[in-house]
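**Q** In the order they appear, the protein sequences are chains A and B. Going by my numbering, the first sequence opens with residue 146, and the numbers climb by one from there. Going by my numbering, the second sequence opens with residue 146, and the numbers climb by one from there.
Among the hints, erroneous ones may be present.
Identical copies look the same in the list; a pair holds intra-copy or inter-copy alike.
[Said to hold, decoys possible] Below are the EDC-like pairs computed for lysine to aspartate or glutamate, each with C-alpha atoms no more than 20 Å apart in a straight line: (1) K347 to D219; (2) K278 to E176; (3) K278 to D322; (4) K347 to D295; (5) K347 to E195; (6) K278 to D159; (7) K347 to E176; (8) K278 to E308.
No lab work stands behind these hints: they were computed from the structure.
Number of protein chains: 2
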Amino acid sequence: MHRTKVKVAEDALDANTTIANANRADFDRDEVSVVNFMSAPGAGKTTLLERALTGLEARVGVLEGDVQGSADADRLSALHLPVVQLNTDSGFGGECHLDANMVRSALADLPLADLDLLVIENVGNLVCPAEFKVGEDARVMVSAVTEGEDKPLKYPLMFRTCELVLINKVDLLEHLDFDLDRFLYHLDAVHPGVEHMLVSAKSGEGVDGFRDWLERIAGRAPAAA
Amino acid sequence: MHRTKVKVAEDALDANTTIANANRADFDRDEVSVVNFMSAPGAGKTTLLERALTGLEARVGVLEGDVQGSADADRLSALHLPVVQLNTDSGFGGECHLDANMVRSALADLPLADLDLLVIENVGNLVCPAEFKVGEDARVMVSAVTEGEDKPLKYPLMFRTCELVLINKVDLLEHLDFDLDRFLYHLDAVHPGVEHMLVSAKSGEGVDGFRDWLERIAGRAPAAA
Numbered sequence: 146m147h148r149t150k151v152k153v154a155e156d157a158l159d160a161n162t163t164i165a166n167a168n169r170a171d172f173d174r175d176e177v178s179v180v181n182f183m184s185a186p187g188a189g190k191t192t193l194l195e196r197a198l199t200g201l202e203a204r205v206g207v208l209e210g211d212v213q214g215s216a217d218a219d220r221l222s223a224l225h226l227p228v229v230q231l232n233t234d235s236g237f238g239g240e241c242h243l244d245a246n247m248v249r250s251a252l253a254d255l256p257l258a259d260l261d262l263l264v265i266e267n268v269g270n271l272v273c274p275a276e277f278k279v280g281e282d283a284r285v286m287v288s289a290v291t292e293g294e295d296k297p298l299k300y301p302l303m304f305r306t307c308e309l310v311l312i313n314k315v316d317l318l319e320h321l322d323f324d325l326d327r328f329l330y331h332l333d334a335v336h337p338g339v340e341h342m343l344v345s346a347k348s349g350e351g352v353d354g355f356r357d358w359l360e361r362i363a364g365r366a367p368a369a370a
Numbered sequence: 146m147h148r149t150k151v152k153v154a155e156d157a158l159d160a161n162t163t164i165a166n167a168n169r170a171d172f173d174r175d176e177v178s179v180v181n182f183m184s185a186p187g188a189g190k191t192t193l194l195e196r197a198l199t200g201l202e203a204r205v206g207v208l209e210g211d212v213q214g215s216a217d218a219d220r221l222s223a224l225h226l227p228v229v230q231l232n233t234d235s236g237f238g239g240e241c242h243l244d245a246n247m248v249r250s251a252l253a254d255l256p257l258a259d260l261d262l263l264v265i266e267n268v269g270n271l272v273c274p275a276e277f278k279v280g281e282d283a284r285v286m287v288s289a290v291t292e293g294e295d296k297p298l299k300y301p302l303m304f305r306t307c308e309l310v311l312i313n314k315v316d317l318l319e320h321l322d323f324d325l326d327r328f329l330y331h332l333d334a335v336h337p338g339v340e341h342m343l344v345s346a347k348s349g350e351g352v353d354g355f356r357d358w359l360e361r362i363a364g365r366a367p368a369a370a
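One chain only, chain A, in its complex shape:
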């Protein structure tokens, strides 16, 4: 007699993994690389994208996650990219993160087959977005120097599960008490060896490096055309 044993999925995170895998399969079918882009509120994600996606040598689309409103999507639409806004406020008071199912609900509105790279700008939050995979290839997080040196220690999962940390607003360093070495020491404690870049969305410093990084990720899935 042949027996099959199925482990029952235990909770919401298991369901999320199932759907993230389905998203992943769709991305693979269309050869799209996907970046999950995360930070605290006001760390500068959208302004960094405005700069880095301008002149990017890849066909890129954006999925914008916000509790409410479409200001960021409107800004990025000005770059003449396909942008889809996903609002989470149908949850109780507003969900504080994107999960795989929310992302899945938006995929039909994106021209995946015509993209090399999809950037998913998550809800501004350093906790829950890190807990929900959405089918991405890589995670990039932005930590602004205005937020202080202690953030890796206070939000370790976020810093531990990303492939790249952008340290933003370095144009303000001279006006702050921020100790960069101390931040990097804390970062190394929670995620040894993780790649990081010093950037300023305002001045443009370091943004070329981030653009190159995105192009390398996008190149993982060469354009079908």
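For chain A, the structure is supplied; the task is to place chain B on it using the hints.
**A** For chain B alone, kept in the frame of chain A given last:
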């Protein structure tokens, strides 16, 4: 025949309300006023408390909420106040907010009968903390000018449910593109007439006003001694 109809509590938020009411009853019994103190990560809550609680004319205690670590509690303990650290990382990957039950679990460690004011420093997050009442008298939120003018529109529930908005880091205004009038216009759109103060945790500007505000709140429940 006498019939009693009981409406069944529907979800986690109903259970939270039940426990928040129990906390409220305990606070009333001991004549403690309670402030729920909220912001995005790195907005400057702890530094503002260090300044405002120094010289405060009331017996104050602090409940520190963090996903992980006790750095902020350690800082505030230096003020010789009763401080209890509450870590939320026993949840999956870490809970992104305090709820009434978490606060309740810490009350036994606080000398409530000897306090006029309890400040609950919530987890750094602009979404979920606003959804969970913990039994507080008032909510204060901090929005740093480094976070941009659009935050009231993107996180409306947080701005709508607080009694006081501290606009922090105004010492940096001259180095930013932040348009204060535009921020206040957005704030008024989501919470007409809400009290606000311009403050700098770094320079101390405006902190006296916040200290006075806390003393007024604490005065609602006169010291039993």
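**Q** A separate judgement is required for each hint: does it hold in the structure or not?
**A** Here is what the structure says about each hint:
In the homo-oligomer, the alpha carbons of K347 and D219 lie at most 20 Å apart inside one protomer (19 Å), although the nearest pairing across protomers, at 35 Å, exceeds that limit. For the homomeric pair K278 and E176, the shortest alpha-carbon distance inside one copy (19 Å) is at most 20 Å, but the shortest distance between copies (46 Å) is not. For the homomeric pair K278 and D322, neither the shortest alpha-carbon distance inside one copy (35 Å) nor that between copies (34 Å) is at most 20 Å. When the C-alpha separation of K347 and D295 is checked against a cutoff of 20 Å, the pair qualifies only between copies, where the shortest distance is 17 Å, while the shortest distance within a copy is 23 Å.
Taking CA atoms no more than 20 Å apart as the test, K347 paired with E195 passes inside one copy only; the shortest distance there is 11 Å, against 31 Å between copies. Taking identical chains as interchangeable, the C-alpha atoms of K278 and D159 lie at most 20 Å apart only when both belong to the same chain, with a minimum of 10 Å there against 29 Å between chains. In the homo-oligomer, the alpha carbons of K347 and E176 never lie at most 20 Å apart, since the shortest distance is 33 Å inside one protomer and 49 Å across protomers. In the homo-oligomer, the alpha carbons of K278 and E308 lie at most 20 Å apart inside one protomer (14 Å), although the nearest pairing across protomers, at 36 Å, exceeds that limit.
Hint check: violations occur at hints 3, 7; the rest are consistent with the structure.
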